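Asks: What follows is the residue order along each chain.
2 protein chains.
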Amino acid sequence: MSKVRVNCFSISLDGYGAGPKQSLENPLGERGPELHNWFFPTRTVQKKVFSQEGGETGVDNDMAERSFENVGAWILGRNMFGPVRGDWPDESWKGWWGDVPPYGCDVFVLTHYPRKSFALAGTTFHFITDGPLAAMEKAKASAKDKDVRIGGGASTIRQYLQAGLIDEMHLAVSPVILGKGEPLLQGIDLSALGFNSVKLFAGEAASHFWLSR
Amino acid sequence: MSKVRVNCFSISLDGYGAGPKQSLENPLGERGPELHNWFFPTRTVQKKVFSQEGGETGVDNDMAERSFENVGAWILGRNMFGPVRGDWPDESWKGWWGDVPPYGCDVFVLTHYPRKSFALAGTTFHFITDGPLAAMEKAKASAKDKDVRIGGGASTIRQYLQAGLIDEMHLAVSPVILGKGEPLLQGIDLSALGFNSVKLFAGEAASHFWLSR
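Taken in sequence, the protein lines are chains A and B.
Each residue of the first sequence is one higher than the one before, counting from 25 in the working numbering.
Each residue of the second sequence is one higher than the one before, counting from 25 in the working numbering.
Keep in mind the hints are simulated off the structure, nothing from the lab.
Treat the hints with care, as some may be off.
Pairs involving identical chains hold if they fit within one copy or between any two copies, as the list cannot separate such chains.
Stated by the list, open to error - Derived lysine-lysine pairs resembling DSBU-like cross-links, with alpha carbons at most 35 Å apart:
| no. | residue 1 | residue 2 |
| --- | --- | --- |
| 1 | K204 | K71 |
| 2 | K170 | K140 |
| 3 | K162 | K27 |
| 4 | K27 | K45 |
| 5 | K223 | K140 |
| 6 | K140 | K168 |
| 7 | K223 | K204 |
| 8 | K45 | K168 |
Model, not experiment: these values are computed from the prediction.
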């Protein structure tokens with residue numbers, strides 16, 4: 025059955041999904057990139073995101089690998105698509121990923137500013153201005169019997185959690201403390217939302233927790 | 025050099041050190057005991073806390089074992105000593121641990137209600153009514169060149185963290201979500217408090233994070 029999933033979302037030990045002071049130069053916030061130290065070196069990410077050979081294998085890589093399986097559509101918050109804020113000045117920004125985005129399907133980007141869809145090496149980006157529920161409807165229609173993956177960031181995941189729309193969530197707790205930043209779970213009662221199973225997988229450089237309802 | 029340590033303090037994935045609705049029947053709060061599912065079955069705890077042979081060995085047990093090493097004195101919040109609230113009705117409550125407490129040294133219990141010290145099988149419990157700083161002073165004097173261990177609970181640890189008095193902290197993140205309860209780190213900026221190193225040890229049933237400054 026088709027699911028709505030979060031995968032490989034990294035948080036610090038103190039619960040932050042991004043560091044403080046997010047900016048154009050620091051899209052993940054101060055020290056935010058450290059959250060992903062387990063993720064970027066994996067063979068899966070080296071290949072899918074950076075088009076490079078090599079990279080780490082092991083549990084962390086298995087987690088990254090699984091995260092791309094059976095995904096039929098993605099939803100991203102705007103900051104995960106790019107650093108541009110406000111109106112799109114032009115159509116030149118095509119995402120963080122260079123010529124070959126790692127998606128290979130429809131990607132729905134939440135934004136308040138309209139922009140035309142465009143296709144790039146098997147991925148089509150759509151810009152959704154009528155809210156997260158509309159984006160979900162479109163993503164589900166596009167994914168058909170595959171899953172919808174919500175890429176992030178933290179505030180996007182929080183919105184879908186609070187709307188009760190996420191079926192499965194894989195969080196990677198990194199051995200990092202940020203002190204402040206963008207909290208993922210604070211004030212969200214996951215038990216009340218029906219999450220009642222948590223499985224732990226020990227990665228080499230992070231701890232992986234799989235939550236389901 | 026003598027340190028002030030927290031060890032084996034269990035939190036849920038969503039950051040709670042105890043469940044909601046703590047009570048006499050439920051001293052750890054609703055579902056709070058699940059936080060310690062990695063801890064109680066270990067050989068170390070079976071022996072030290074329950075005076076039983078057997079129990080699990082492995083990384084979780086190593087963590088439990090290390091937690092008791094080189095400890096010269098303990099500080100406990102009152103609820104970790106017992107369920108009694110308000111004035112001590114009598115001296116009959118001697119702790120959760122039966123005839124042989126697992127400490128074997130001085131234990132300083134924070135309380136607002138005076139009670140006479142008493143000794144039990146190598147452990148002496150002292151009841152400190154003049155606050156956490158006074159308790160720390162006494163614990164350090166008693167521990168001499170060994171470490172002071174703060175047993176918990178969450179609010180006791182938070183007080184000592186905020187006072188900048190904790191040098192090292194080992195948190196065990198359990199594959200449990202509580203939804204609500206007593207948060208350990210919320211609103212505490214561990215980076216500003218000087219914690220800059222986090223090491224991860226993968227246990228069988230929990231993830232162990234060692235923080236130091």
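Asks: Would you mind marking each hint as holding or not holding in the structure?
Replies: Taking the hints in turn, this is what the structure says about them:
no.: 1; hint: K204 with K71; in the structure: within (32 Å within a copy, 40 Å between copies)
no.: 2; hint: K170 with K140; in the structure: within (25 Å within a copy, 66 Å between copies)
no.: 3; hint: K162 with K27; in the structure: within (14 Å within a copy, 56 Å between copies)
no.: 4; hint: K27 with K45; in the structure: both (33 Å within a copy, 34 Å between copies)
no.: 5; hint: K223 with K140; in the structure: neither (41 Å within a copy, 46 Å between copies)
no.: 6; hint: K140 with K168; in the structure: within (23 Å within a copy, 70 Å between copies)
no.: 7; hint: K223 with K204; in the structure: both (27 Å within a copy, 19 Å between copies)
no.: 8; hint: K45 with K168; in the structure: neither (38 Å within a copy, 43 Å between copies)
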